[in-house]
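Q: These protein sequences, in sequence, are chains Z and S.
Its first residue numbered 1, the first sequence is counted upward by one per residue in UniProt numbering.
Its first residue numbered 1, the second sequence is counted upward by one per residue in UniProt numbering.
In case anyone wonders, no lab produced these hints; they're calculated from the structure.
Computed from a predicted structure; not experimentally measured.
Honestly, I wouldn't trust all of these hints.
Pairs count within a copy or across copies, as identical chains cannot be separated in the list.
[What the hints assert, rightly or not] Result set (DSSO-like, lysine-lysine): computed pairs, CA atoms no more than 30 Å apart in a straight line:
no.: 1; residue 1: Lys48; residue 2: Lys114
no.: 2; residue 1: Lys74; residue 2: Lys48
no.: 3; residue 1: Lys74; residue 2: Lys330
no.: 4; residue 1: Lys299; residue 2: Lys134
no.: 5; residue 1: Lys114; residue 2: Lys266
no.: 6; residue 1: Lys134; residue 2: Lys266
no.: 7; residue 1: Lys74; residue 2: Lys27
no.: 8; residue 1: Lys114; residue 2: Lys186
Number of protein chains: 2
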Amino acid sequence: MVTIAVDAMGGDLGPRVAFRACRALMKNDPDVEVILPLEESLHAAARKILGKYQPRTRLVSCGEHVRMDDTPRKALKERSDSSMSVCLALHASGEADGVLSIGNTGALLVLARKHLGALHGVDRPALATQLPTKGRPLLMMDLGANICMTSEQLLQLGFLAAAWYRAGGNEQPRVALLNIGTEPGKGTDTIKAAGALFDDQLGSLYAGFREGDRLFDGDLDAVICDGYSGNITLKTTEGLIEWLLDMMGSELRSSLALRWFYPLWKATMRRIDRQVSPARHGGAMLLGIAGNVAKTHGKSDERSFRYALEYMVRQLRTRDYQSMEAEFLKITG
Amino acid sequence: MVTIAVDAMGGDLGPRVAFRACRALMKNDPDVEVILPLEESLHAAARKILGKYQPRTRLVSCGEHVRMDDTPRKALKERSDSSMSVCLALHASGEADGVLSIGNTGALLVLARKHLGALHGVDRPALATQLPTKGRPLLMMDLGANICMTSEQLLQLGFLAAAWYRAGGNEQPRVALLNIGTEPGKGTDTIKAAGALFDDQLGSLYAGFREGDRLFDGDLDAVICDGYSGNITLKTTEGLIEWLLDMMGSELRSSLALRWFYPLWKATMRRIDRQVSPARHGGAMLLGIAGNVAKTHGKSDERSFRYALEYMVRQLRTRDYQSMEAEFLKITG
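The shape of chain Z in the complex, shown without the other chains (with noise of 0.2 Å):
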């Protein structure tokens, strides 16, 4: 049975949306369960909707949750008695195996540090994700938790995100850096240090400097970056697929005669959005912290809430922190 502490509170379409999602995940996957802390005036709902569902679900009490705009100061001093913390509680209590949380992502990454630590020899824990390409996902890193990084940093989490990968069975995972070029020279200082840093330290599996336009060919595992571009660059890829894709479909109804063949180019649209949708992809993990903490997008819907549900419960069946630690410290050591 694995666990799944969720903290429902703080999304843009409110807590039901959460309920849904781990309706539909408990509806799937007979061995999960859920633990949803809430603040007593949304039990009612909650039971409501997980109905059936109410053997494997455990409503806790809390207080007043994390603020979309609580500074990561305001979230430490003021909300222990949230339900992002008291996720975190249960996790490092051993009573859940894992969090996701659709709250403050500076909150979470301040309230998971202060409840669960950060691994051994990790400096600053990052946001990491897996984008859809070509070929294989890509697991791209940070993604807003550390703005600026030294070239030492940007090496923990290429050691991070190939302990990713050999905690799940890869052993040689390539992992490149996002540049502007990919020869020597190309960069700002930190990349350019950094880049000199993989080549020594991850040898064979750094794959080099990597380009914006070459990001999903599919031939990588991981692409490292500064918390500044890789969020630029996650969130230009999900605004323009977005466009893509309600383009393609506005254009293929506005088209007479296609608009009687609906049905089939309505199947070809949904397979494009399965392959390419970041939604499918789960949310962003915090890697480098010592538990199993997952982040979904604030403004998910049911369907994005419930992916992210069933990635972590996948990455908890194949990984886990403690694993991963075990391989960075092989890498490192």
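Keeping the supplied structure of chain Z fixed, place chain S upon it in accordance with the hints.
A: Below, chain S alone, put in the same frame as chain Z:
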């Protein structure tokens, strides 16, 4: 008559791509002529392709061209007789109204600065392009000319973007800063400081911070960023659009039923391609140079090269660097 000096050397597909693009341009537009500086060995090939447009074509002899791996320093020292240098000199002397190059970007920047200088009050000329969006095109700069920038240099780019629009008749362009959030506290120290400067100095033209997922909303005129994030964002956009269009085509083709309706959806695909293909949007302009200089992608094919030529001709008919400089001085003065 508009006269363009074309640097055809250094592209991935060889100079014939440029010759064919020049031919297509002159075929469609009787009021354009081109000057092509070329090594002697290429004159015959150019004459053959440009055939009946020879009255509007001037072939000029030059020395060895700038190589893609030449450093800017080497270009400055050793490529003073290259096709790129000769094009820029022809523009400086007034024989050409503008320069389009397919060559090495770093070399083009330093050689343009040497031959033409920067606009009065501009420290760092930058690369700009117009991205396709749901609405009006979005001028994005810098795209890689300046990897690291101070907040004051970012502000200069903001002024340049505003001046570019005003010189083209848009008095109230909306100029944003690329960032990882929209609240004032988000981003690097440089971006935060730039936000305050933009707010203070651009006044009603400043549209605040903009995140990657809302770049394509079509409600902005320009987005300013440093060359590192701009380059990565642009290239990610290019790579993703290419992948998605390929995928749409092959998904539609792979449907047995839809294959029969190829002519129907082929037209739809072409329409989408026209709307989103960055190639339609004419390569990158060097803004802040005292001249009209643009760069087309090294991997441009005939079509992309022709779009870049057409775009430059349109630009030259609506605004030139002198009118832009006048607007720049008005805004900054």
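Q: Taking the hints in turn, state whether each one holds.
A: Hint check results:
1. Lys48 <-> Lys114: neither (34 Å within a copy, 73 Å between copies)
2. Lys74 <-> Lys48: For Lys74 and Lys48, neither the intra-copy (33 Å) nor the inter-copy (72 Å) Cα distance is at most 30 Å.
3. Lys74 <-> Lys330: Answer is neither: 37 Å inside a copy and 45 Å across each miss the 30 Å cutoff.
4. Lys299 <-> Lys134: Close inside one copy (26 Å) and across copies (21 Å); limit 30 Å.
5. Lys114 <-> Lys266: neither (47 Å within a copy, 56 Å between copies)
6. Lys134 <-> Lys266: Both, since 21 Å and 22 Å are each at most 30 Å.
7. Lys74 <-> Lys27: Neither: 37 Å inside a chain and 66 Å across chains, both beyond 30 Å.
8. Lys114 <-> Lys186: Cα proximity of Lys114 and Lys186: across copies only (22 Å, versus 38 Å in one copy).
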